[in-house]
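Student: Protein chains in written order, with full-length UniProt numbering: chain A, 1 to 194; chain B, 1 to 1055.
Possibly wrong hints are sitting among the right ones.
Unchecked claim - The calculated EDC-like cross-link candidates involving lysine to aspartate or glutamate, where the alpha carbons are at most 20 Å apart (straight line), are: (1) B:Lys1034 - A:Glu178; (2) B:Lys984 - A:Glu191; (3) B:Lys292 - A:Glu178; (4) A:Lys188 - B:Asp1048; (5) B:Lys1034 - A:Glu191; (6) A:Lys188 - B:Glu561; (7) B:Lys1034 - A:Glu62; (8) B:Lys1015 - A:Glu80; (9) A:Lys188 - B:Glu30; (10) B:Lys72 - B:Glu30; (11) B:Lys502 - A:Asp16; (12) B:Lys501 - A:Glu191; (13) B:Lys450 - A:Asp16; (14) B:Lys1034 - A:Glu68; (15) B:Lys1014 - A:Glu139; (16) B:Lys513 - B:Asp435; (17) B:Lys1034 - A:Glu61; (18) A:Lys188 - B:Asp1038; (19) B:Lys1034 - A:Glu80.
Unchecked claim - Stretch-level coverage of chain A by chain B, calculated; a stretch enters the list once three of its residues show a Cβ under 8 Å from a Cβ in chain B: (20) 6 to 18; (21) 100 to 106; (22) 134 to 145.
Simulated from the structure, these hints should not be mistaken for laboratory data.
Quick reminder that beta carbons are idealized off the backbone N, C-alpha and C, glycines included.
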Amino acid sequence: MAEIQNSNPTILNAADLPTRLRPAATRKTEYGGIFTSALPLAPVDYESALSSDSEDDNLLEEPIDEQEIYDLISSISDPEHPISLGELAVVSLPDIEIKPTLPDVPDSPLQTVTVLITPTITHCSLATVIGLGVRVRLEQSLPSRFRMDVRIKEGTHSTGDEVNKQLADKERVAAALENGALMGVIAKMMETCH
Amino acid sequence: MSALQTFMLVVDHDKEEAKRIAEGIAQDVESRKVTLIDTVQSLGEYINDEDPILRGKAVSYLTAVIQALSPKYLTRQQIQVLTTFFCDRIEDGGAVAGLRTLQGLDRFNKFLATEVAQALFSNFQDLQSRSQTQRFHVYQLLNDLMSNHRAAMRDMGDISLLGVVDLMTGEKDPRNLMIVFSILKVVMVEWDISNHVETLFDSVYNYFPITFRPPPNDPYGITAQDLKGRLQDCISSTRHFAPHAIPALLEKLDSTSPNVKKDALNTLIACIQSYDPDTVSKFSVTVWGVLKFEILNAQEEFLSQSSLEALQLIAKRLSEGVTEVSQELPLAKYLDPITKECNEQLQEPQHKQAKPCQSILNCVSAASPVSFVLVVQKVVAPIFTLYQEADGIVKQRALLETLNGLFEAATNVFGQWTTRGGEVALDNPLLEFKDQFSDVFGQALMGAAKEEVSFRVTALKGFLRLSTLRDFFQENEIGLFVQYLDEILLKEESVGRDDLKKEAIAALSEISKHKPRLIIDITFPAFVATLPEEAEEGSDESYLPTLETLAQISVERDIFETLFRRLFSKLTILLQKPQPGSVAYPRAILVTLLYVMQQRDMAQDPSVDLYFDKIVIGLCRNVAASASGKANNRILNDPTVLDTLGRLCNLIVRSVSLQKQEKVAENVYSLFSTPEEFASIPFAQTTTPDQERTIIISTYLLAGISKDCSNRIPHTNPEMSALLSDLVRRSISTTEPASHQAYLRHLALLVNKFLTKEHLSIAENLFTTLFQTQDPAGSLNPPTIRTIFWLSKALILRLAPTTTNIITTLLTLLSSPDPQTSTTSSQSFTLLLSDDDIISPTNGANIRLLSRQRLFTTVIPLISSRIREVNIAGTDTTPSHIKPAHLTALAGILSTIPTALVMPELPTLLPLLLQSLDLQTADSVAVRTATLNTLAVIIRDNGVAVIDQCGHVNSLVTRLLKTTVTNPGPGAVNSPRLRAEALKCLNLLATHQVPGAANNARAPPGVSPLLPVKKQVLLALRAVLDDPKRDVRKAAVDARGAWLRGVDDAPDEEE
């Protein structure tokens, strides 16, 4: 990357990005706030200190949802700026969708994740790299029953169709992943994932 | 053979012998057996030899003799002769060393120094073709001349200047360069260099940037940083270099290597620091023009940081001696393009480059008061205009952030209310905009939509900065802000993560340091008014947030006293009500007081006696009355209230005088009441549960008093065996858990802290007696087991002489045929060393540092061999509970031991830990969790290598993977927490392949011990990615990512 293409993009504030609120858990304990430090749990012995997770909690399932997908990919860094895709609004929560892959077969566990990418400028040549990065991150992080569909959001890129064709073509993706230099870039983008 | 000949024979292989010969001759010379002339003449046949080695040896002989002479021996004339002699033969070995000796003598003069320097300059034209050592000696001689005869050298002027430069040109050896740079620096600073600036500059700048990398195990220990430092000193040594140095350094910023850029920036900073302001001024705008790009398009964080530092330093240098603000100042001319650029970028404040501009404005304005005034004049008004015209809240927020940066700079320049000294003569230029700020920030904070949290937080932070800025706002203006904060905390609903409320509390507590009166007058009445008279059972506890806020803003002394009075009177009223509602409320009030007292240094608080009278004496009496059934309600009969009150008493007792503590000691059991009012517990024939609960308070009081009061404790004179037996009896027979726990601690406290050495046998006999209650089947009831363990804790911590014996006896309990006894005992091992609030160093408990080590090293071999026995014997002959019991005990002990102690025992320990992971049942979840925690710490601190050395990588990974499975099979349970912990260990394995390496550290060269299992791990983790629990999935994603990245395959392979 000799020349930076968009040197001055708009940045969202990290605090304003969508996050999952941890409900209840903290509220439930008697002193959720600062007083816990003043009052170490009343003296306990081994029996009562056993793991605090109750049976009910353990059985409650938490299915993979859009926010979780967002959390996976929003922390990827942009290849041009050391800023996350979330802060650059390249990925956003409303543009992520999870649907059953086979709506006609209700028992099928297969699901499809659709992620729409909004490049910071319409002629961004790195859109493919970003798309590829998102794809790789999802493939590494989601169970095998998920299908990925990563695309450029309609009307946000001058050669969007071209890029989409590339991203959807399994063989081209596989070929790209064999490319050491490209994988180097993608690995760098994913260093910030936590 | 003459001395000379012997010398020449041995000098190559026996330096000591050669030295001895020279010393012999020197003695002869001094005692006038031979003359110096003879010695010189004896060289005759060799010094004209054709072989330079022979000549060198002959000259070295003379040098060695001179070196051995006493410093005062040589006359001026002799020195002169010898100098000339050496100068003539300066190219022969040993001559330079001889001259070095001569120039150090007192009688060596300026004239001779010049002669030597001349000889050096004219005879060493080819210096660079000689060996490193020879060059080194020449530089050393030159360096000595520079330090001992500087005037002579300086008087030579251009001759010495050019001579030095000629000598060193082409030098490449780092050791030599270290000397050369320091010689050159002297020339640069002290010589008149006006005719040769460029020559001199080039002679050092040719070495920039230093790319030297010391070879491994370098015996000379010169680092690249040493060389960089000396070179930087040269370049920044004189302002004459500025026209050459600054453009050249700026050009180096075009380099693609961040390291070169870093060196260039550091040197630039050194130059700005050292050149005079006029010179700096000449280049200031040019420097800005170049550094701007480093900041706006930051490649690396440290480069933009250094660039900002350079910009600020220029502003500081240009502010030197300036007292009046004017647009004609060089400083103004420098700042002009900066503010212009920033104003332009701020037109779109939400864009990426606005952030660096905020940093630029922040750092240049913080450089000096004048600088601050100049920046504010140019920047603030346009920001206001932009703010008024801004079409969105994102833009407005970015503008407020820019202002916040300026406020921060203002704080640096003008100080806060609490700053001592450093008053600035200039008026704060922000004062002109004071009302506007108040309006805009107030409007943004209170007028914006409630969900715009980050916008409001930004406004709040700005308002806070202005409120703490010295001599800025009036009291009533800060008061307005305080009212806003109160409103946010008391009236607004919670939004999201409650960031705004957290910030509001932090702001109030910050203001309380600067303007405590405002908090007392405005915030306190508003908050206390919302506290209820009483809280109903099961009510929503809405008083908690209020109390939490009050606690956090009351750390300042005056405010705390107000808080105490208000809350104490609430509590007093509650204690008098016949129907006081939920006990949670009075308890929360006590916790609030406890929290604040913990934040403060109570021993220094002048009001501590007041708190002592009210709480320790007053409330303890109330406790006694409650226990005797004479109170209006049962608040003080509640064990949780008593526990909190106990902690409060404990803290206060520790802070009062010894006389007061003695009084406490006397009243530990009577709780400041007469026998008629309250019957104290020890030796009472009958006790009610209410009465028994007062032991909670007694225990905390006892923990707080100093050891010096031990003779005042009732029932302990002449010795305490009766008291201890009484407590043991009660602790075993009591039915309430809270009282039981308090008895156990009370007993342990007496034994650990107050029992004298001579009487230790009392406790040891007690221990034996308790064991004798074991019935023939080997079973003990749980209360007795706990009593035994607490007693053991007290003795082990003080390392009583019988410690080893106690530990061995405790371990026999694990093998008890009774499963209940074995299990309860195994779970009690963790309490032996665990931290405790009563038996703690703060309370003056007797805790010996070596106790942990002793327990650990005694227990490990015993458990290990016992488990081996069980494994060999098989389950037919030993009951099945015995092995898990031993592993549980081990896990309990490990959780209380620092890893440093664990490491030496790792080879013994790892197989045990792995066996713990093999346990599958639900009961073993706690043991396995503890084991995983231990493993995590071991891996984090020591890396994979230690596990590899024991040969257990494969078995560990297999077991960890087994623990990540959601449904491991019938009867087996892996709780979500357990699964997540196992994944954390897998993650740590991949990220800590090198001991002590930071996260994401690359694998070391060579094959990672993890590589053989990589495929297995990635495959197994793929399944865990579908875990029903989100936290587990998250941990799986992280662990899998770490293995993908950190465990290196051949580079091109993608699974």
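Student: When you check the alpha-carbon spacing of Lys450 of chain B and Asp16 of chain A, does it fall within 20 Å?
Tutor: holds, 13 Å
Student: Do the alpha carbons of Lys501 of chain B and Glu191 of chain A lie within 20 Å of each other, as the hint requires?
Tutor: violated, 33 Å
Student: Is the listed coverage of the segment 100 to 106 of chain A by chain B valid when you require three or more residues with a beta carbon under 8 Å from a beta carbon of that chain?
Tutor: Answer violated; 0 residues pass the 8 Å Cβ test.
Student: Is the Cα-Cα distance between Lys188 of chain A and Glu30 of chain B 20 Å or less?
Tutor: With a Cα-Cα distance of about 76 Å, the restraint between Lys188 of chain A and Glu30 of chain B is violated, given a limit of 20 Å.
Student: Quick check: the segment 134 to 145 of chain A, covered by chain B? Criterion 3+ residues, Cβ under 8 Å.
Tutor: holds (count 6)
Student: Has the given pair, Lys188 of chain A with Asp1048 of chain B, been kept, meaning a C-alpha gap of at most 20 Å?
Tutor: Roughly 15 Å between the alpha carbons, so the hint for Lys188 of chain A and Asp1048 of chain B holds.
Student: Check whether the Cα positions of Lys1034 of chain B and Glu68 of chain A lie no farther apart than 20 Å.
Tutor: Between Lys1034 of chain B and Glu68 of chain A the Cα gap is close to 9 Å, so the pair holds against 20 Å.
Student: Is Lys502 of chain B close enough to Asp16 of chain A, meaning Cα to Cα at most 20 Å?
Tutor: holds, 16 Å
Student: With the threshold set at 20 Å, check whether the alpha-carbon distance from Lys1034 of chain B to Glu191 of chain A stays at or below it.
Tutor: Holds: Lys1034 of chain B and Glu191 of chain A sit about 16 Å apart, inside 20 Å.
Student: Holds or violated: Lys1034 of chain B with Glu80 of chain A, Cα cutoff 20 Å?
Tutor: violated, 27 Å
Student: Mind checking the alpha carbons of Lys1034 of chain B and Glu62 of chain A for me, to see if they're no more than 20 Å apart?
Tutor: holds, 12 Å
Student: Are the Cα positions of Lys1014 of chain B and Glu139 of chain A separated by 20 Å at most?
Tutor: Status holds; Cα separation ~17 Å.
Hint compliance for this structure: hints 1, 3, 6, 8, 9, 12, 16, 19 and 21 are broken, all remaining hints hold.
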